[in-house]
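For the protein sequence lines, the chains are W and U, in the order given.
Under this note's numbering, think of the first position of the first sequence as 118, with each following residue one higher.
Under this note's numbering, think of the first position of the second sequence as 118, with each following residue one higher.
Simulated from the structure, these hints should not be mistaken for lab results.
Don't take every hint at face value.
Pairs involving identical chains hold if they fit within one copy or between any two copies, as the list cannot separate such chains.
Lysine-lysine pairs mimicking BS3-like chemistry, simulated, CA-CA at most 30 Å apart [unchecked claim]:
| no. | residue 1 | residue 2 |
| --- | --- | --- |
| 1 | K467 | K149 |
| 2 | K123 | K162 |
| 3 | K229 | K467 |
| 4 | K330 | K308 |
Letter by letter, the chains look like this.
2 protein chains.
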Amino acid sequence: MAIENKELIRIGENAVKAKYAAAALGTELKNKILRECAGELVACKGELLSANALDIKKAEEAGMNPGLIDRLRLSPERIEGIAEGIRQVADLPDYIGEVIEETTRPNGLNIKKVRVPLGVVGIIFESRPNVTADAFSLTFKSGNAVILKGGSDALRSNMAIVGALRSVCEENGVDPNVVQLIEHTDRAVTKEFMKMKEYVDVLIPRGSARLIKSVTEEALIPVIETGSGNCHVYVDKEADLDMATDIIFNAKTQRISVCNACESLIVHSAIKDEFLPVLKKRLDEKNVELRADERSFEALGGEAVKATEEDFGTEYLDYILSIKTVDSVEEAIEHINKYNTGHSEAIITKDESTAEKFLNGVDAACVYVNASTRFTDGFEFGFGAEIGISTQMLHARGPMGLRELTSYKYKVYGDGQVRQ
Amino acid sequence: MAIENKELIRIGENAVKAKYAAAALGTELKNKILRECAGELVACKGELLSANALDIKKAEEAGMNPGLIDRLRLSPERIEGIAEGIRQVADLPDYIGEVIEETTRPNGLNIKKVRVPLGVVGIIFESRPNVTADAFSLTFKSGNAVILKGGSDALRSNMAIVGALRSVCEENGVDPNVVQLIEHTDRAVTKEFMKMKEYVDVLIPRGSARLIKSVTEEALIPVIETGSGNCHVYVDKEADLDMATDIIFNAKTQRISVCNACESLIVHSAIKDEFLPVLKKRLDEKNVELRADERSFEALGGEAVKATEEDFGTEYLDYILSIKTVDSVEEAIEHINKYNTGHSEAIITKDESTAEKFLNGVDAACVYVNASTRFTDGFEFGFGAEIGISTQMLHARGPMGLRELTSYKYKVYGDGQVRQ
């Protein structure tokens, strides 16, 4: 599967060279560069805004929808926010070189398991210029080189941001190819990029479920799947119903467009008649549409939409909540394991043994008892900024912070040992 | 990318159901079952040998080469060996449920990072019936369900082995679908199996470089790449040359067919004239063919084959050693990073700072100073049996024992927390 695009090959070769340079950088220099990058983005605000204005103009002319245009737009405040994000990464610990484990074998071999960068990280994302700086700060701090392929609609903005980052690296005597941007807008080039296994160690798609699906299906590079979250809250028969109401209100409505928002309520049949009308009243404050199965529809006195099978598999990212009635925690677990995306799931119960059954039985990165699913987030977990929420089993699960952007190697110290 | 083969779908659905059962099994029951499996394989030795005899007969008729037939063959001793391997896995620790980390956040949320199985593991391997039992014991002990696709030439042997394992599970009230064998011999079915992302969490190919390459190129399921090892030993100008001779002799000749055998020698120009003739004398004991670059060819007084560029990228798995001369440790590192497969690399030197430069600069799972590359092995590292040596950056690197066949989940305990 040879790569034919010469520009991609050049980028790949540059990245491989830069990854060795990046891996060897000391913490102080990395932090200095990150802080200067933050300063540089603010200092060249004018250029970034001009570049962004061209992107916005083109997008408006092409009839892009206002929500997407909003994500594409930079402003002085947003640039300050991006810079602040980079400074926060500078303040986080540097995990590279950490001795994770050490053992000395009976034959005298001393084996150290040492944290190292992943190498070259590829990031494919949509037209959100803030991701460009985010992705750089996290991959750079964790000693990796990064190749960015952002949405074509943000190309000029991304070129301006990456240009600023590279100039700071260069001024500090660091190979600027620690961050490279693929400037092609041709889909065929993106497809070829995903096959650059020889140069890229891991590919992280950031964005819609559709983007992620296409990357996992087409990439030859190992992919970390992030993002899509069909998250459930299960209200057990032993639940504190006031707590349940507060948590569901929070998980559903605090921010509807995020992957850790609650999309589906599972309710125990023993409390549905008491609970659902109260919950509905609370959710009415935000005009949440309820899509209820037969039994919860009745409990709501018919004040709901009837749910179809499809509802239970849908990540709405909207003011909509599906409702499923069950007769036991086991049934709740089975329903979740059938429909969830491995992201975040919660149970509300006062019964510890039921809680433990749920925590063990539900297959997801993060499983909560008596708390909102909205906490699945790098900052909330104490990791700081993250590159995404992994929903796969391999490598890392849940919030992917700096530590999850690393691998390890074994350093083995001998004094002449040979194998018998 | 819908799966169409009904038999595969049935196997996939069975495996998903079995993975929840497997994840919940206690350590004692798992160990009891493993020991009974070992006993059962020995007890039904006769049946296994008959089944195997049919495979061997067919293979001989088809003109299979003697080396491959040897790998396919079972004998009473080999069955004893397989059983002993299973018992050893029973004796290893059970990592499932281990709390890897725990933290309590300022808002009172208690977050536990807990070790869990990967889920459904798919293993694609060649016609080696011992791998069948190996793969089962490791995946079962680590709480996973496994789907095996072995080489077609071993089908009857594999069916007999898997039948015995399943019967022991069943007798113990455990879902026998914790181990399933794909009995199709059709390549198209294998290709479809590799796309069963909906059912299988991770795919581990075991076997030749060709097999692994085809799996990484065709699979949609996340793959762990194992195996191929183009391993180097670098003899520095500050090396103890006697030690270097012993280590290279061991790494090259102790077992030529394995992935951690040395395939290439890198020698510092300052010591080549003294060292190479002595080394050649030692390697002559095993008739090792030397393929030397220009300068080492001279140092050997022409008693070698001239190396081509291709030699440096070749994993010989034979009594052949390529030789490259360099003028510095930096040049050695660069050469290794260009040609190696990320497996095992060694430096022989008395200079600690040179050693550290090498350990840090060489990109491989296991990097040795003053020891043979042959130690890259689960038992030698103290992990016990392993499913293979990972040569990729994601998830696990180096020997993949029981712990590397796990993932983790976050269990989060709250008392009503909602996100602000």
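Hint check:
Taking the shortest Cα distances, K467 and K149 never come within 30 Å of each other, neither inside one copy (49 Å) nor across copies (36 Å). Neither within a single protomer nor between protomers do K123 and K162 lie at most 30 Å apart by alpha-carbon distance, with minima of 33 Å and 58 Å respectively. When the C-alpha separation of K229 and K467 is checked against a cutoff of 30 Å, the pair qualifies only between copies, where the shortest distance is 19 Å, while the shortest distance within a copy is 44 Å. In the homo-oligomer, the alpha carbons of K330 and K308 lie at most 30 Å apart both inside one protomer (13 Å) and across protomers (19 Å), since each shortest distance falls under that limit.
Checked against the numbered hints above, the structure breaks hints 1, 2 and satisfies the rest.
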